[in-house]
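S.K.: Now for the letters of each chain:
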Amino acid sequence: MAQKTIAGQSIEVNDEGYLVNASEWSREIATEMAKEEGIELTEKHFEVLEFLRKASENGETLTIRKVGKSGITDIKGLYQLFPGGPLKLSSKFAGIPKPASCV
Amino acid sequence: MAAKEENPLKKVCIICAKGTIEDVYATLVMANGAVMEGIEAKVFFTFFGLDAITRKQMNRIKTATVGNPAMRAPGGLPFPTVLGLIPGVEAGVSAMMKSQMEKLDIPPVDEFLEMITAGGGEIYACKLAMDMFKLEKEDLWDEVKDVLTVGDFYAMCGGENTQIIFT
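As you go down the protein sequences, you meet chains A and B in turn. Just add 832 to wherever you are in the first sequence, counting from 1, and you've got the numbering used here. Just add 72 to wherever you are in the second sequence, counting from 1, and you've got the numbering used here.
Calculated directly from the structure, the hints in this document are not laboratory data. Using N, Cα and C, we set each Cβ at its ideal position, and we do this for glycine too. Watch out, some of these pointers could steer you wrong.
Quick look at which bits of chain A chain B covers, simulated, 3 or more residues with Cβ under 8 angstroms [claimed, not checked]: (1) 859-871; (2) 890-903.
Here are the computed distance ranges between Cβ atoms for each label pair [stated by the list, open to error]: (3) B:Ile237 with A:Lys836: 32 to 40 angstroms; (4) B:Lys134 with A:Glu844: 44 to 52 angstroms; (5) B:Asp214 with A:Gly840: 33 to 41 angstroms.
Here are the computed lysine-lysine pairs in the DSSO-like style, where the Cα-Cα straight-line distance is at most 30 angstroms [stated by the list, open to error]: (6) A:Lys908 with B:Lys83; (7) A:Lys908 with B:Lys206; (8) B:Lys134 with A:Lys898; (9) B:Lys134 with A:Lys876; (10) B:Lys128 with A:Lys930; (11) B:Lys170 with A:Lys930; (12) B:Lys90 with A:Lys898; (13) A:Lys920 with B:Lys128; (14) A:Lys898 with B:Lys128; (15) A:Lys886 with B:Lys90; (16) B:Lys199 with A:Lys901; (17) A:Lys920 with B:Lys175; (18) B:Lys206 with A:Lys901.
Generate coordinates for the entire structure from the input sequences, incorporating the hints supplied.
M.R.: Okay, here's the thing in structure tokens:
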């Protein structure tokens, strides 16, 4: 665990850079984290992030299949939004724990 | 928890030669898992594994109820092989496995393959096995990228940090 300053705020993150407390999340933090990975967040990205945050709050196990069926974007679109990590990166930017699912 | 690997895997070439639920899904889960991690994936289906990419068969694959000592009835009760011989048992057991997987959000074969190709994974069929089973390209799932010889496939498996996996 470490403290990291993101968007001018001191946030607690784990070894892999995931937020420890989902409640500390803000849009600014997401934008900053995405920038670090070379991704510019758009409204579409935020729709996915909100969906993930809500699902995570409800204790659901997240899969790309679920996001693909959310109506926000399909799986192909998800890969385009978050290249190289459709679920991993999106979860990171959404401030929720790293997904513990294999699909 | 995975620590940052200094020399990460870049590409996996997966070969699936068997057509049971467990063999095909092992292949699909590994291929999908790779593309989700940003790892390039190329999957080569051969012999009975071709069922997984043959339109007529892809959503009808089954698990063997005969000669499978690890298979037990729900609750861990023994499942004598002789029961597996009864007509309908294999279909019933396979349907049960599929419903358990669906609960974990593991999709049917065609949808799973779509998820892999959506992420840039590539699906190939083995020419020799196609000839053997008298299959034509039209019999295969639409998104099968090509029918290859083993030499063609190996030619794609070069490069640093590439692994060939035989499921």
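S.K.: All hints are to be evaluated individually against the structure, with a verdict given for each.
M.R.: Each hint tested on the structure:
no., hint, in the structure
1, 859-871, "violated (count 0)"
2, 890-903, "holds (count 6)"
3, B:Ile237 with A:Lys836: 32 to 40 angstroms, "holds (36 angstroms)"
4, B:Lys134 with A:Glu844: 44 to 52 angstroms, "holds (49 angstroms)"
5, B:Asp214 with A:Gly840: 33 to 41 angstroms, "violated (50 angstroms)"
6, A:Lys908 with B:Lys83, "holds (20 angstroms)"
7, A:Lys908 with B:Lys206, "violated (33 angstroms)"
8, B:Lys134 with A:Lys898, "holds (25 angstroms)"
9, B:Lys134 with A:Lys876, "violated (40 angstroms)"
10, B:Lys128 with A:Lys930, "violated (38 angstroms)"
11, B:Lys170 with A:Lys930, "holds (26 angstroms)"
12, B:Lys90 with A:Lys898, "holds (28 angstroms)"
13, A:Lys920 with B:Lys128, "violated (34 angstroms)"
14, A:Lys898 with B:Lys128, "holds (27 angstroms)"
15, A:Lys886 with B:Lys90, "violated (40 angstroms)"
16, B:Lys199 with A:Lys901, "violated (35 angstroms)"
17, A:Lys920 with B:Lys175, "holds (21 angstroms)"
18, B:Lys206 with A:Lys901, "violated (37 angstroms)"
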